[in-house]
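2 protein chains.
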Amino acid sequence: MSVYPEAGMRDFVLPDMAAIRAEAATVDTRAVLGAGVDDVGASRAAVALALWSDRSIGTAELQALAEERCAAREPRLHTFVPLYTTNHCDSECKMCSMRKGNARMERKFSGRNEIIEQMEILYRHEGVRGIGFLTGEYEDKYTRLSTAFRIGWAMRTALDMGFERIYFNIGSMEPDEIAVLGEWIQRDEPVTMCVFQETYDRESYRRFMGKTSVGVPKADYDRRVVSFDRWLDAGYRYVNPGVLVGLHDDLDAELVALVAHGDHLRARGAVVDLSVPRMRPAMSSRDSTRVNDDDYLRMMAVIAFVCPEQRLVLTTREPQEFQDRAIGMAGVISPGSPDVAPYRADSQARNEETTSQFLVADLRRPRHILGRIEAGGTPVGHFANPSVGAAVIPIG
Amino acid sequence: MSVYPEAGMRDFVLPDMAAIRAEAATVDTRAVLGAGVDDVGASRAAVALALWSDRSIGTAELQALAEERCAAREPRLHTFVPLYTTNHCDSECKMCSMRKGNARMERKFSGRNEIIEQMEILYRHEGVRGIGFLTGEYEDKYTRLSTAFRIGWAMRTALDMGFERIYFNIGSMEPDEIAVLGEWIQRDEPVTMCVFQETYDRESYRRFMGKTSVGVPKADYDRRVVSFDRWLDAGYRYVNPGVLVGLHDDLDAELVALVAHGDHLRARGAVVDLSVPRMRPAMSSRDSTRVNDDDYLRMMAVIAFVCPEQRLVLTTREPQEFQDRAIGMAGVISPGSPDVAPYRADSQARNEETTSQFLVADLRRPRHILGRIEAGGTPVGHFANPSVGAAVIPIG
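From first to last, the protein sequence lines stand for chains H and B.
Going by the UniProt record's numbering, 123 is the number at position 123 of the first sequence; the sequence numbering is gapless.
Going by the UniProt record's numbering, 93 is the number at position 93 of the second sequence; the sequence numbering is gapless.
Worth flagging that the hints you see were computed from the coordinates, not collected in a lab.
What you are looking at is a predicted structure, and each value in this text was computed from that prediction instead of being measured.
Fair warning: there could be bad hints in the mix.
[Stated by the list, open to error] With a Cα cut of at most 27 Å, we get these calculated DSSO-like pairs of lysine-lysine:
| id | chain 1 | residue 1 | chain 2 | residue 2 |
| --- | --- | --- | --- | --- |
| 1 | B | K141 | B | K211 |
| 2 | B | K108 | H | K141 |
| 3 | B | K94 | B | K141 |
| 4 | H | K108 | B | K141 |
Sequences and hints are given; from them, build the entire structure.
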């Protein structure tokens, strides 16, 4: 069914956990810390599992080594701000306020003018040059194609306005949907597909996303997990897989799957960002697990160390205090709000429970968050601090 | 619920047929033919019914008088070509191949590039400057809003490309949907909403469009019939109601309803076109009545005579021979194909049964149809014959 430009390329297949455990048992973790990940003759997934499991290596030590690797990247950090263009959704994910059955959600839709207005606020008043477009996921083909059309238009408009970096997160995508979206961009423009698997465990996936994909688009695990392969088949390069940390209890398995997925995509020539968001308060209908700070930092450290060319995305789901602890392992800092069209020229973003996917921990304005990071000595790519040159561009 | 800019304006209400019949019985038809429709102290609907019913007045005589009125209009004729941008539809209209349940229909969707390519073919190779955008009608709010967005974009793109006149036919519209579409245009741009009621008879409407509007958007008679009122509420002016002649057997009632609807809209300040298409072969699931040529010409003559400032739309549903007989009563000539993206630079349009709403009777190229009308002495507005200046613009 699929066309693979690279000879022998296959869709991502989840590695066998028992085999990875056996392989991890052979890894000399101390040697890895000295020699480098790709020189020890084991898969990255096995190396990650070995480092994660070897509690004789402290998290602080792992983090310091990870930060050293991240500090070598250029640019050290870049940014994008999420823009939810609607909170309509046909899926029924139990952890998500946008799920179709949530009657308490007030549904919103941004048309042409609101999308342009939001982009202008982000560009002029927040000074960001990276933007991510989000929607729900939809069931029928016509609606999926129409969504691809609208988000394609938004991308083109953003790039023409001067945005340098685009992300989009609109659910799984099939080839015809990628074609409709792709007509708006060039293959060499930096446009990143985000399709977080949330959990790679099929049983946990079913528990949260639904038992059947009839009428529930996100419940189709397989379509979701190969969306990046379809994107690469079509000639695009930028991808961003992710795990919603806390959905599935077995962090070993999630870590192995995510590292393996990133490695598969890298082998196909992709530029890979990785997301490991932690659950936030939302109008959820099923409880998830709160992963503690140490485990969470350790997971980030292992990923950042084992996948040095892949950027971890840090968001304002985490409070400022935690951001400060983790920022050295991040490659992307993404401040913003998961409300629909929430940005304002002269005040912080809105984040109402009745219209947002979830509530963030940190509603400081993007320019404040990014300006503070730069003031600390770390330049942020795709950020042009509006406070510099304030005499020229008045900021509300 | 609604806001009426004009004091005392109400939504269209179907006139009482018995009252109109009684009023029509008082109309001196011969006096009408001499004096003028609006000078006899009766409603236009009653005058139309009186003229239609008085078989002592021949159809040829009525047609000659109607043609005289039409000849006084400037321009005498204008044109637009329909462009179906998809054949996906959530409705279940029994006379329509696009109905959701028609498993034999191969569904198509035009993205950015195909829409632009089709517009360029129509502009450069057919020389038309009027275009009509069509879709199915959709059930859920998000899909309806997404459709309004895509068609709004298409309108803006067409106007920016040099098209002078836009029609759109995308089903009933609610105020929020009109707002999303309207963001792409200015209120003084000539953009005509087409929402044909098909039949004004509620029982026939239910028979063809469905008994319940749950899951079947077009089955909502009331939302459909007031769509123009919502369009005018929002400050737009151009409207095009219509009857699908043959759905409902009682032509008296259809004539009265359509004339009354046009008159209501005119009273609200609208610029009104009227459509009275006859059924064409399609993958229908219920038979309709074939109205004979004489009745059909008489119906057109009555409407053209009674509503002199309202333009009848003539299409290539009718064969060339019938077009020639009716063209003198038309104000709009609309050649084209109800297939998705059917136009070709160097050949006639496609009109495949498996992808078209119906099969037209006349697939001659628009420029040939329009050029022939102009060669006969009638200039056609929104047509720039590509054969003139062929040395400059090569035509395939």
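Against the structure, the hints come out as follows:
For the suggested pair B:K141 and B:K211, the alpha carbons sit about 21 Å apart, so the restraint of at most 27 Å is met. Restraint check for B:K108 and H:K141: satisfied, since their Cα atoms lie roughly 10 Å apart, inside the 27 Å limit. Annotation: proposed proximity of B:K94 to B:K141 holds, straight-line Cα distance about 23 Å (limit 27 Å). Of the pairs offered as hints, the one joining H:K108 and B:K141 holds, with about 10 Å between alpha carbons and a cut-off of 27 Å not exceeded.
Against the hints set out earlier in the document, no violation occurs for any number.
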